[in-house]
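S.K.: Using the sequences provided together with the hints, build the complete structure.
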Amino acid sequence: MVFTGSSAAISHTGKVRSNNQDSGYAGSNLFVVADGMGGHAGGDVASAVAIQKLEPLDEVYASPAEAEDALKHTISSTAGDLIQIAARRPELAGLGTTVSSIIMVDDYAVIAHIGDSRIYLYRDDELTQITADHTFVQRLVDSGRITPEEARYHPRRSVLMRVLGDMDAHPEVDTFVMPTHEGDRWLICSDGLSGVVDETHITKALRQGFAPGRTADILLKYALDGGAPDNVTIVIVDVGGQHPLYTGTATIVGSASNPQGIVADAPLSRPVLPTSWFHPNRAAANEPTHFEPEPEYLQELIAEDRRRRGRRRLGAIVALLVLVAAIAAGLAAFFSWTQTRYFVGADDDSVVIYQGIQQSLGPVALSEVREDTDVVLADLPQAYRAQVERTITARSLADAEAIVERLRSYRLAPGEIDETLDEDESASASEDLSTPTPTQTPEGEE
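Just so we're aligned, residue 0 is where the sequence shown starts under numbering that gives the first Met the number 0, counting upward by one.
To be clear, the hints were calculated from the coordinates, so they are not data collected in a lab. Given the structure is predicted, the values throughout are model-derived calculations rather than measurements. Incorrect hints may appear among the rest.
[As the list claims (entries may be wrong)] What follows is a list of derived Cβ distance ranges for each label pair:
1. Arg144 - Glu171: 15 to 25 Å
2. Arg144 - Gly208: 36 to 46 Å
3. Glu367 - Ala332: 12 to 22 Å
4. Lys220 - Ala249: 19 to 29 Å
5. Arg155 - Ala61: 38 to 48 Å
6. Ile82 - Pro55: 12 to 22 Å
7. Ala64 - Asp141: 22 to 32 Å
8. Ala210 - Ala61: 25 to 35 Å
9. Asp141 - Gln357: 57 to 67 Å
10. Asn257 - Gly79: 21 to 31 Å
11. Gly226 - Thr339: 46 to 56 Å
12. Ala64 - Arg144: 36 to 46 Å
For each residue, glycine too, the CB sits at the ideal point set by N, CA and C.
M.R.: Take a look at the structure:
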């Protein structure tokens, strides 16, 4: 059965690189993203060859199993073609590509995948990553040694454990079949998108329900706004939808869309790409973002990762100690400042001069008794007594002593009746106690 739905494919060089090593394909039943690696020219060739080899598979299949066999065989055989190309053109040694592909068969999606390009499924307002990255960092995540969030910023996040290239004639390709139904949105993308745009923003774009072409444009804008340090290739496939297409012209984007005379099964009688592309000034700006490491290098990466974890723990401990020291120093400075403050208050039945401030830090008081005076609270008029009980702030010890002296002068004589003061008189009493006594004029001055 011919797939009923709609699709779109776009590819962009990004903001850093000067050429596009990605390739993408969106046809009637086949949808592919290939992210090339191996230098300026090698990546271009590898991704374009992968699309060229897979394009004939865009047809109707009798069963998902038939499509799965065709995908797996074709992708594996492409490795042999890349080996032949590298043998005839030594300057292309090390070329390779990721491949993430879907063939729609009836109500099933037949998936084949190698590398770190990704396939996502958006269904019932939930985004799910369908493929697993074949990277060194993903292996660290799977073993619980780092978190997925740490993996996004790991310096070795682009080291591939599996790739379609000229180093392995029989690459291990993941293939599986999944049921799909109307309303599903499939996203195939290179790491130029998934490495820059998080799943929250990818979901936001897919949720809006725009046609595949407009949705792809929104995702591309997210990647460009995020800096787009790598090529960005996006293929979106809607199952069913508002504008289903039963047939249509295939869309080829990226490197594969530029005819280079690449024929994988024939000798290369002329350069695969224009010779100007190999100019050292151009190639230096386009170093590969991926490479497949040797086993010895992986052991070094594991050792380096252990060292990074040790440095990270040490850094965290040092940062914590610095923070604790800063807090302790701040508290010490604050407490030292409080000891330059004074206030007058009450302690049981007498007037007391306190050193510190009236506030406290939880159960910790920020003041202590400096002097317990002979002024008895019961001997003070009610208004002045209330002021003392509420505490009276002083600017210095001398100021506090002056306030006590004024209180001493306001004491009631034995048998004297305390007359209740109105609000104005209470305010006047407060102002009277807070007003400092005039300083004594130095001897010899008038």
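S.K.: Which of the numbered hints are not met once you compare them with the structure shown?
M.R.: none
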